[in-house]
Amino acid sequence: MKKHALVLLLGVAPALSAAAALHAQQTPTFVLRWGSLGDSDGLFNEPRGIAVGTDGHVYVADLNNDRIQKFDANGNFILTWGSRGLGGGKFMGPWDVAVDTSGNVYTVEANDNHRIQKFDHNGNFITTWGSLGSANGEFENPTGVAVDLAGNVYVADTGNGRIQKFDGDGNFISNLFAPGTGFRGPSGVTVDASGSVYVSDDVRVLKFDRDGNFITSWDSPCASDVDVDDHGNVYSVELCTPLGRMFTGGSSFVWGTDGGVDGQFLEPRGIAVDSSGGQVFIYVSDFQRHDIQKFQVTPTSVRPVTWSAVKNKLRE
Numbered sequence: 001m002k003k004h005a006l007v008l009l010l011g012v013a014p015a016l017s018a019a020a021a022l023h024a025q026q027t028p029t030f031v032l033r034w035g036s037l038g039d040s041d042g043l044f045n046e047p048r049g050i051a052v053g054t055d056g057h058v059y060v061a062d063l064n065n066d067r068i069q070k071f072d073a074n075g076n077f078i079l080t081w082g083s084r085g086l087g088g089g090k091f092m093g094p095w096d097v098a099v100d101t102s103g104n105v106y107t108v109e110a111n112d113n114h115r116i117q118k119f120d121h122n123g124n125f126i127t128t129w130g131s132l133g134s135a136n137g138e139f140e141n142p143t144g145v146a147v148d149l150a151g152n153v154y155v156a157d158t159g160n161g162r163i164q165k166f167d168g169d170g171n172f173i174s175n176l177f178a179p180g181t182g183f184r185g186p187s188g189v190t191v192d193a194s195g196s197v198y199v200s201d202d203v204r205v206l207k208f209d210r211d212g213n214f215i216t217s218w219d220s221p222c223a224s225d226v227d228v229d230d231h232g233n234v235y236s237v238e239l240c241t242p243l244g245r246m247f248t249g250g251s252s253f254v255w256g257t258d259g260g261v262d263g264q265f266l267e268p269r270g271i272a273v274d275s276s277g278g279q280v281f282i283y284v285s286d287f288q289r290h291d292i293q294k295f296q297v298t299p300t301s302v303r304p305v306t307w308s309a310v311k312n313k314l315r316e
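Mapping to my numbering: the sequence shown position 163 is 163, numbers consecutive.
These are computed hints drawn from the structure, not numbers from a lab.
Wrong hints could be hidden among the right ones.
To be verified - The list that follows gives simulated cross-link-like pairs (lysine-lysine, DSSO-like), each with its CA atoms no further than 27 angstroms apart:
no., residue 1, residue 2
1, 70, 165
2, 70, 90
3, 165, 207
4, 294, 207
5, 70, 294
6, 90, 165
7, 118, 207
8, 118, 90
9, 70, 118
10, 118, 165
From a predicted model like this one, the values you see are computed outputs, not experimental measurements.
With these hints in hand, go ahead and build the complete structure from the sequences.
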């Protein structure tokens, strides 16, 4: 039977041994789940991308319902926007979602629209950019979007095998390409508070510095999405491996199995990580189960401040 997993890729300070690092980590534990197949508020039809705002609200790209849904951290429905179509504020299958420090929401569409849309936190349409093509500012089936602390927008331009960077108004800044043979279908992207960029593709997660220079990579077969926490730990979701893995140098920590009960996965597609009160909360969208699951883990490794830590400060 095909199995799926949540993968944790852990960056650990060199002074901490791999064995000690593994011992210091808690296995992520299931907290709650919400959603099932449907088109009413709080239900999903193949949810994909997921993001957490500075206020702790959770945004879900509800792919086949052509909408974005917004929830609180306990899965209580707040609002929704979008319907099927080509115009501004409409979707032809939103694949991913991201939120900036001002609460603006960015969505990415593959399939027919090949574009980015920007909304305020209440779902009011602001602007859009992109169309089908391979020139700078054009996309071919983009599937991932992220925003850094400066408001720059990063797009996983899957069909063109690159990450494109824009300002918050959609003006093209630069491209990021993987070294060697390039990306193998970049699907997810995230940025930490230092500006480092993380990209998931079919076989791995790659890390780049803020200038686009390659730093390192971790094996992560069929990686669909990626995020980071405020301790420097890197998390991905996989579609086709039997176990999740946490990398600490040359060692790994595994969790996650295939199944339909709480804490298991059928087809995890999106991941968002949030830190609050010293805890790390992990949200995973499941394409086949049509639901969102929330997990909790308490890392003890100390790393430079990242995006999640800044989000916590903004809430204080």
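Okay, the hints, checked on the actual structure:
| no. | hint | verdict |
| --- | --- | --- |
| 1 | 70 x 165 | holds, 26 angstroms |
| 2 | 70 x 90 | holds, 16 angstroms |
| 3 | 165 x 207 | holds, 15 angstroms |
| 4 | 294 x 207 | holds, 25 angstroms |
| 5 | 70 x 294 | holds, 15 angstroms |
| 6 | 90 x 165 | holds, 23 angstroms |
| 7 | 118 x 207 | holds, 26 angstroms |
| 8 | 118 x 90 | holds, 11 angstroms |
| 9 | 70 x 118 | holds, 15 angstroms |
| 10 | 118 x 165 | holds, 15 angstroms |
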